[in-house]
Every structure is written in structure tokens, then in C-alpha cells.
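Visitor: Residues per chain are reported as follows:
There are 4 protein chains.
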Amino acid sequence: MIVVMDAKASARDISDVIARIRAMGFDVHLSEGKERTIIGVIGRGRPIDREQIGLMSGVQNVMPVSHPYKIASREYHPDDTLIPLNGVQVGGTDLAIIAGPCSVEDRAQIIEIAHAVREAGATALRGGAFKPRSSPYSFQGLGEEGLKYLADARAETGLPVITEVMDPQAVPLVCQYADVLQIGARNMQNYTLLHAVGESQHPVLLKRGMSSTIEELLMSAEYILSHGNMRVMLCERGIRTFETATRNTFDINAIPVLKQASHLPVIADPSHGTGKWEYVESVSLAAIAAGADGLILEVHHDPENAQSDGRQSLKPEKFAALVEKTRQLAPIVGRQFPVRETVR
Amino acid sequence: MIVVMDAKASARDISDVIARIRAMGFDVHLSEGKERTIIGVIGRGRPIDREQIGLMSGVQNVMPVSHPYKIASREYHPDDTLIPLNGVQVGGTDLAIIAGPCSVEDRAQIIEIAHAVREAGATALRGGAFKPRSSPYSFQGLGEEGLKYLADARAETGLPVITEVMDPQAVPLVCQYADVLQIGARNMQNYTLLHAVGESQHPVLLKRGMSSTIEELLMSAEYILSHGNMRVMLCERGIRTFETATRNTFDINAIPVLKQASHLPVIADPSHGTGKWEYVESVSLAAIAAGADGLILEVHHDPENAQSDGRQSLKPEKFAALVEKTRQLAPIVGRQFPVRETVR
Amino acid sequence: MIVVMDAKASARDISDVIARIRAMGFDVHLSEGKERTIIGVIGRGRPIDREQIGLMSGVQNVMPVSHPYKIASREYHPDDTLIPLNGVQVGGTDLAIIAGPCSVEDRAQIIEIAHAVREAGATALRGGAFKPRSSPYSFQGLGEEGLKYLADARAETGLPVITEVMDPQAVPLVCQYADVLQIGARNMQNYTLLHAVGESQHPVLLKRGMSSTIEELLMSAEYILSHGNMRVMLCERGIRTFETATRNTFDINAIPVLKQASHLPVIADPSHGTGKWEYVESVSLAAIAAGADGLILEVHHDPENAQSDGRQSLKPEKFAALVEKTRQLAPIVGRQFPVRETVR
Amino acid sequence: MIVVMDAKASARDISDVIARIRAMGFDVHLSEGKERTIIGVIGRGRPIDREQIGLMSGVQNVMPVSHPYKIASREYHPDDTLIPLNGVQVGGTDLAIIAGPCSVEDRAQIIEIAHAVREAGATALRGGAFKPRSSPYSFQGLGEEGLKYLADARAETGLPVITEVMDPQAVPLVCQYADVLQIGARNMQNYTLLHAVGESQHPVLLKRGMSSTIEELLMSAEYILSHGNMRVMLCERGIRTFETATRNTFDINAIPVLKQASHLPVIADPSHGTGKWEYVESVSLAAIAAGADGLILEVHHDPENAQSDGRQSLKPEKFAALVEKTRQLAPIVGRQFPVRETVR
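Residue numbers (my numbering), protein chains in the order written: chain A, 78 to 421; chain B, 78 to 421; chain C, 78 to 421; chain D, 78 to 421.
One chain only, chain A, in its complex shape (with noise of 0.2 Å):
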């Protein structure tokens, strides 16, 4: 960290400064300009507030040298996370693509379209049962009657299930269900809930804000990681940006960003990155071009009559094809994608 002192800070200001940097357990390195003076923070520690010295008097600005997250950081643990996931190991060169419907809507559907996707390739199964919906009038989710039918899709299909937890007491009851927690991206700064996923210690996939930056991703991936609970997948989902064209930005720079800053797998959802199903595809590949460890897809036999996002669900036949071109992309950019012996 650096404090840049103001031109017209006096001497008892600067020594204020470095007496409380001091107080915190690191070193100072000073600078003494024509103009002004600045100091370098030295030594290693807990991340300091920066606020807190950015008020003090004569300070003009603060600069962060490093990055607030640390157990989060490539720097920290240099290695790729590995997430075992249904015999494919997330992280590494394997690819992983998690698929299902966005609500569990009824036992027949979810079981249908766990068949499909598992056919056509998918390694894992999604599909919600408790729903976040702007509207209080809209479909809601079945609830725990969605779990159980995501466990039955499980036992007929023998893939993994991931689905969304949006209330940190429901995490218990989710974690009998599910294979994989999923926070959604309107809960990515709910702390209460991170903190109940950290300590569940459950397989996580976090979604980013649709307005988050990269960094507060990583930031709240270590609210989890704090507690120890090391398999966190981060997830793009796309960003809210001026353009109406698409429900959602895909950000396809946050996934080398992310690989660069992060040893934690990351998952991209062009489903809600684009939000039309025709652009689904496009995508997909792009972000399997840029170096994602996985995607995760709406699908639905029926978009129509979904209950939720049919408008940008593939149709089975649609997800097939595309895991077809995945799987000949795959080892251009040096993946692989497994054959996969589902134990049922």
C-alpha cells in the first residue's frame, strides 16, 4: 500500500501517519518529494482498511499495491483448484458442462431432461428449486419438493446435482440434496449466506454479481474460502451494461482475468450471459475458446411452457450439438473432454 500525502501536509501530519502504520504491525518506507511525500506500507499482514488511513489528516490518496483477497490469490496457491465432479476433475484439463432446466417444474420434467443432458454428455444435472424472481407474482420454485425430485433425477441418472441456495437457514436442508451449492448472482454480497456455505463445507459454485466487479468475486470467494471450504467454482454470468441487445453482457475477459488472478475453476453460463438461445452456442464456445473449465446451460425439452428463462433454454437436441463442437474445440486449446462411465 501506498499513502500519498498532500503538498501542503505538515511534518505532525506525516508522522501521525507512520506512528499508526506502525501501530498495525508493518514497516514504512518514505519518500520526500520536492512536492510532496509519500510512504510505502512494507511487510505482509492481514489487508489493512485503506479508508482508515485515507481520512487521517494530509493524506491525499491511498493506492493499494496488492489485492484485498488473499486465499483467493494465484499467489497464495499457485496450483489450479481441482473439484471432483462426477469422475471429471474441474479445474484441470477437463472440461465440465452442467446442464439442466432453470426450475424444477413438476418429477417427469426434471427426470427428462436429466436423461437428455446426461445422453448428450453432461456431467452434472442443475435445476432450481428455490427461485429468486424480481416479481413476488412469479413462479417461485417447488421448493423442498424440487429437492427431491432433483434426487430422484440423481438416482435415475446417476448425475451430480447442483441447484440454488438463496437462504443461509435452508443450507442444511439444501447440502441433503445437493451435490453442489449454487449462490446465485443477486446473493454474491449476501455475507450471511456466504458464511453458511463456507461453513456447510459443501462444493460451491458462485455466481458473480450482475454489476460485481471481478475483484469483489474474488472477495466474496473468500468469505467461503475463509472457512476453510476450499471447492469454490466461480461463475460469469454476464454483466449489466448500457446494451439491451442481450439480457446480459458475457464478460469473456473476467475468464483469462479470473484464471490469471485465481487457482479456482471457473464456469461460464451463456445461458444468462446472452439470455436468447440463439446466441447460446456462439458463446459457449467462445468462452471454452478463452479458456473456461466448464459451462453451465439452461435446457428444457419444453421452453414454451417453461416456468422460468425458456427464453434462453436449448432444446436437447440443440445442447447435444453443442456438446458435440465442444468436445471437437476441446483439444485445441488443450482440454479434454472425458469418456465418462456414470456409476449408477
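Rather than coming from a laboratory, the hints here were simulated on the basis of the structure.
Incorrect hints may appear among the rest.
Note that identical chains are pooled: a pair holds if it fits in a single copy or bridges any two copies.
Each computed SDA-like pair below joins lysine to any residue, with the alpha-carbon atoms no more than 20 Å apart [as the list claims (entries may be wrong)]: (1) 353 / 411; (2) 85 / 147; (3) 147 / 337; (4) 402 / 170.
Guided by the hints, dock chains B, C and D onto chain A, whose structure is given.
Guide: The following block gives chains B, C and D in isolation, referenced to the frame of chain A:
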């Protein structure tokens, strides 16, 4: 709602859409053009999920004519909602000024600041006991201890207390201490929490999410209102844009837009809206001039040593000067600043 | 400027950076920490291109301490720049109100509106002869004919004329007719045009680009100022954000930020800032309350038949009411509304 | 186009709107609902200015059904437009790779880089002679001298030259030297310039403005196309968002959206889209995977001493490696990388 059929839609497509709309209890009006057919949805009812229709075969576009919220709308409730707060009718001609520190740090601090803001003319006291922080390593608030200190400050000064609740489970606890529950920007779409505060029947200050649209803010209010809890104040606190000179971009437009669209009171938060104390006075006066029903401001007697948000906190003397200017401005925009007789 | 060297930078890297900075005429101050070396650049001179240093081997980050503009800054010119306009000193305590139609449509229209706004108290007349339109099929303005009608309106009412110039070649022509040249938002970074209006020595109203930062606005002003043309008014006209309830998001924060950072006058454009006439009064009062030196407003006697921007144009009676409210507000914020004796 | 009348619109309002639409040469279709009347505009013609109707008494909203551009649309021209460039058919199955430095710095530099990119497989050479820089104190390009060096580089390597033109007056000059005129992001809505390059009948690469929507990009293309100049390549180069980890956010979604909406070729610019050379390869491969017709890339043999954009420039060996990966990727997405026989 208007359904625009594709130029290539078949007669069957059109009749299917009509049948579906009718099955939902609405009537239709058909406009058959040379290029395409347009179907108007007629009648009143629960908002329809546009997506469901939008996915049907042959449908090009579905456009809303009315908004998706109902109880929050001025059509539903033409008169301004008034919420009593310490003798002020928030939402009427009275202006409300809520002030206090970002975080409750200790008993002495909150009591000292409470006295200072009361003397300057504040209507209510703010202060955070549970703090949403982007880093797990930052100060997270004093928790219940902080709530107790707030209650002590109320006992000392007579100022009602507004404080944030982050955890649905903690709502009953916070209701014991707080006069108004604050929903923070990061939790604006934490629906579990919205349901919980709706059920509590406690007054609520609902902050706009940093990248939430005005419509989404009203939809989140609708969650609370749908429980019959009508005492909801909306809070504009700045949105996230590309501009980095200020912490957020205070959306001044949102004030007249919200006042026109809804009957609920609108409170402005220039502290978060700018992020720098030196801009807070200008933007506070702007917000009142634009029609806000009140202000919520961060005030700290020692910002340089504040645990959080010191950069945007006014010192008590600056706050007092701002209140004085607000008092002068009030009659220009048809408002009054009540001479308050606080009962101790 | 501060150069943060990478933890892995070699001694040679460091000495190369130092040599380069010295070759540019600056001195350096070295801060050698345990983890990394930091180099402070000392002395005054022309702004350095950060990129050049940033690319050198071993450099992790280059951080500016001062801003990249110079003549536009308040450090360079601490006193407010005053620009005379029809007896008003724009930038001083006087408020300026520039009003008129988006486009000059015909001679009668501009003269009728000029009389109306003059009567209501306007300082100057706006009206577009060259119109930047997103569609090549929309009305593009009357061109030189429009300029002549503007001059006629000035002759009739005594109001000075402000009009947009889009083409560098057309600058001399527009200078013949206009008292103030307007640079539109879309041309804020059209550097050929900025050079041309700088050279013209004519007063300029420079609009902020719809997605330009405040710093970029000041850099564009710097282009004009660097020709010795000091009569530049900055104009906040709303920025592009995710919010769609209004045409743009008026950045109220920009007003105090610009007044603090620069000595140039700041004019607010709530017509474009909101895009809807019903919000213009609220945001106009807000802008004045926040410290703007004046307003530029679209006024049309027949908005429904306006060739452009009718949606955001005030009718003359609404404009007159707004001027009256501004007059009442002015003394609250230390401003005055001059009783003007226009010489006809 | 659909005109939604207000619930309170009078019969007179409705008949006025109908009369006006008919006066414009369109027919109407009326849908009279219980709450409101909706008027469909029927027939084909020049796009109507929505604003004009939107301002009429009793009109609540005017919604477009079709897009405001015409010649740029795929409906108007269903087949892909092919633009020949050095033996490559840009917009067909061939991939085009345009590469070179940000700025032409001297004769030796551009010739050295031209040889390097040609050897690696580039289709054309880029290089700026006129540079739009946010600071008037930064290097502004060599001007005509730079154009001459570009022509020399073409003579030496056979690579066609693409270079930016900023000044409408300079279009004839630049046409003498350049094979393709580039319109930079800051000038995307510089209509005087768009008209000038349209008239020139020279091939154009049109960059998307940093905060322009996809629709606005197509509208700007329409300006050029409306002069009968059909050789327009669209260029996605990243948009401005809240994210600061990268210089811009490359809008990968824009590629399939543009390919679906328009027949014009789409070129991706990952150098500006990311701003950091270490992310350029990932995003280049992503763009090709998403359906781009080619890439434009900044390459410099000595980025650390580049006059501009060194931070995002690839060294020739990294560029060669990227071309090789692109060559491998091409067949997976139905593309080919032509074996080019450049005539020297």
C-alpha cells in the same frame, strides 16, 4: 401487454397464443396487418409472465404496456403514503433527516453522535450493528451489542433508530431494538429477507441496489408490500457507472421518477451517492430541490478513526450547517422543516 | 507519478526505469521495501505518458498522483473563470439560462420561441442548425439557413445565440452567426473539431460525452484551452447507464466535482439529462442547488410537432414557471438572477 | 410500429394520431381495449421518427417493431457481404487477420513490423498516422509522413494498409495511401466524417463507439451505406462498463448478434477489447469461436518503447503463435485460413 407475432407466424401459432392468453383469464384484441399480426391483451389481473408468451411459436416480441408492480404504483394508491417518524410525516410536506455513523463502534461513540445530530435537527438516528463488508477481514459490526447501544442512544436522545438487518433470521431480534429496518443495497434482491421484513410489519427503509433499475426497486418494494406492510421508504443511494471520480453516481433523476410512479416516500443518501464528504452538501441540497422527502446522512465526530465509511462522513458542525441550508431551501420547494419537540 | 516495480524486478530493471525518468527531465525518489521497490517521480513538467513507463521490464503498475490536465485545473487557475454572456458573468454569482428549441425549424418558429424565452428571463438562445442524428433518415437540420434565422432571432430579441458545430471546416461559418459554439456530446472527443474551435477564439460550450468520465471532459477542454481560448463552459448533460426509465442519467455529482477540480463554468442540461419534460424542472432546481452556474434547456411552443427532441421540450409557460422557481432558489445557494436590460 | 394510447386519451387524440400516420403514407390497424386503444402502423416505407408520434396528445408510448436501419439489415440483404482484402473474402469462410502497431513511429519501425506480421500470416497491415489521443500533450501521430511510410511498407510486403481517418477534409488524402479507412470508436457518431467516407466509396472498417449500442453501430453503418458504399466492416472493440480489471469489456455477445442482424463482416479487436496483451490470445480465440470474420491486432516489436498502446501490443513471436492457434481453430467453426500468395 402486446404480443407481436413474427411475419412468418402461422395461423395455428396465432390461435395458440390467443388460447393461452384466454386461459389466463384475459381477453384479446387482434390487429391483423399486412406484415404481421399484433395481439393486445385486455383486462386486469395478476401480472403475466412475459417470458411464457414470448417463447411460444411465432411470437416475435412481447411488450409490456403497464408496469409489473401493482401495490407500489401510484395508480393503485394515488395519495402519498405518509410514514410517521418522530413527529414527522415522512412522505408529506415535512422533511426527514436521518443521521448518524456508518457503524456503531462503542456506547460512547453512538451516544455522542446521537446528541450531536439531535441538536442539529435530525429526525432519527442511523447506525449499523450488522455491517455488510466486501472483505471478510474488515470490521463486521458489533452485532447485538451494537443494537443495545443504539437503544441506549434512543433512550438518551429520544431519536428513533434505523439500522440494517442482513439475515432473515435476525429480523425479530433487530425489530426489538430498531424503529425502522434498513435493507441495504446489496440485499435489495435478497427475497428471503424481503419476505421476512414484510412479515414483520415493521417500517422499512429499502435501499436501491447499486445496479438495480428503478423498476426493480419498486418490484422489491412490492415483495414487502405484498405482506400488507405498507410502511416502506425507498432510498436512492447512487448507482454504479463507469465514472470513478465519485464512489457511485447519485441518480437524481430517480427522485422525480419514483415520486411520479409510486406513492411511497423517497429518501436520498448522498453519503453513499458520492462517497466523499466534500460533495455531500451539494448533492443533499440537490436531492431536496428535486423532490426527495428526506435525507439519510453519515455523520461522525472523528471520521479519521471511524471503523468504516469515514471518507464520506460529515463532521457534526458540517452536518449542522447542511441542516440549516436545508431548512432555508425547504419552503422554495413547498416543504417544511418541522420544529420538533422530542419527548425524552 | 509513482512507479511500482514488480516483486521480481531485477536491479537492472530498476536502474533502466530511473534512467528513463531522468532522461525526461524529472528526478526520482527511491523507496526500497522488502517486497518491492517503489519509484516516485519528482518535479514539474509536461504530463508523462504513463504507458511508456508501464511497459518497461519489471514495472508492475504506474499510478498518477496528479491529474493529466493542466490549464483546466484549479491548481493552475485558482479563481473562477468568468465568461460574459449578455450582461451575465457566467461562472460568477450570476446564473445563466440558455433556452430554445432543439432544432431551428423555420424563421417564424425560432423567432417566436426566442421572444418567449426572452420574456421568461433567458440569458441566451439555443437552437440547432446542424443536427447530429443517429439515423441518416431523420431531419438533419437546416444548415446555413438555420444559422441565418438564428441571427434574425438575435436581431429581434437581443439574445446571444448558441448553436452546435459538427464539422471542423464549418467553424468559420458558424462563428459568423453564433455567439457561442456548442460541441455536442457525440463530438466531445472529435479532436480535429476541438482544435478548430480552440483556434477560433470563440466562446465554447463543451458537452460531456454520454460515456465520458469527468476527467476526459476536462482533457477535451484542455484541447481548446491549449490554443489560448479560455472561454470554455463545461456542460453536464447526463451519462449512459443501465437505467432506462430516463433517456440518460444526469450526473449531479459531476457538478461539485467539476467546480472543485476546475475554474471553468459548469452548465447543466436537464433536458438531455432526463429526456422527459416532466422531470426537467426537478432536475434543473437540483442542478442549481448543487452549484451549477446555469442551465441549458429545450423549449418549444409546439413540442408535439417539433422536428426533434419534442419529448424533452418544455412549453414556454412551463419554462417561465421554472425560471421563476430558479429565481427564488438562487439566493439560498449564494447566487443571483440578474435583472437584465437587453439592448435591442 | 405500435402506438399505445393513454388510458385517458380522447377520441379526438386517437383520430389525430391516425390522421398523422396516414399522412405519412402508412395504414393503421386499431385495437380498442377496455383500458386503452392501441394503433398498429402498417406498410413499408422510410423509418418514421418515433418521437414525432410520441409527443402527440394522448400517446403513452411508441414501440418499434422493426429496427431503424435498413440497408445494414439482413432482411434487406440476406446474403453475407464479401469484401476482398488481399485475396481473402472478408465475411465469407475465410478469416482475415489485420495486424500492426498502434502508431506509425518511423519508416524502419513500420517496415520491420510489416515484415513480421506478414511472415506470421497477416492479411493486412494496420498502423495509425493520425491518432486520437485524450491528451493534447500526447503523441498525435506523424500525419501524412506516416501515411507515406505505410505505403512504403505495403510496397515492401504486399500487405494492404488500413489506417484511421479523423478529419472529413483529410479523407481524399488518406484514400490515396490506404486500402481501408478506419473510423475510430470516438468518431462512430461523427456524422460529417461518416458522410465523407461514404462518399469516398473506399472500403471502411467502422469501430463501435465505446458506449454505443449494437443498434447505434448499425445506424452509423447505415450512414456510410446510404451513399452506396457497401464495403463496410463492423468492428467490436470493447465497451465501457464498471469493470476496471480490463481497459474495456469485450462484448462477445455482439458477434452473434451482429452476424444475425446484418450481412456485413464483423472484425474483433481484442487489443482494445482487453487493453492488456496477456489476455489478447484468449479473447482472439473466443471471438473466432463466436463467429467473427477476422481479427485486428496490435503488434509491436518493442512494446516498451511504443509511442502508444504498448500495454496491449503483442510481440511478433506471440502474434505468430496466436495466428497458428487461430489456424487450428478455424475448421472447428467452419472457417478456413487461406494459404495466401502475396504478390510483392
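Visitor: None of the hints should be skipped; say for each whether it holds.
Guide: Hint-by-hint comparison with the structure:
1. 353 / 411: neither (29 Å within a copy, 22 Å between copies)
2. 85 / 147: Between copies, since 19 Å is at most 20 Å while 35 Å is not.
3. 147 / 337: For residue 147 and residue 337, the Cα distance is within 20 Å only inside one copy (14 Å; across copies 37 Å).
4. 402 / 170: both (17 Å within a copy, 18 Å between copies)
Violation of the numbered hints given earlier is confined to hint 1; every other hint is satisfied by the structure.
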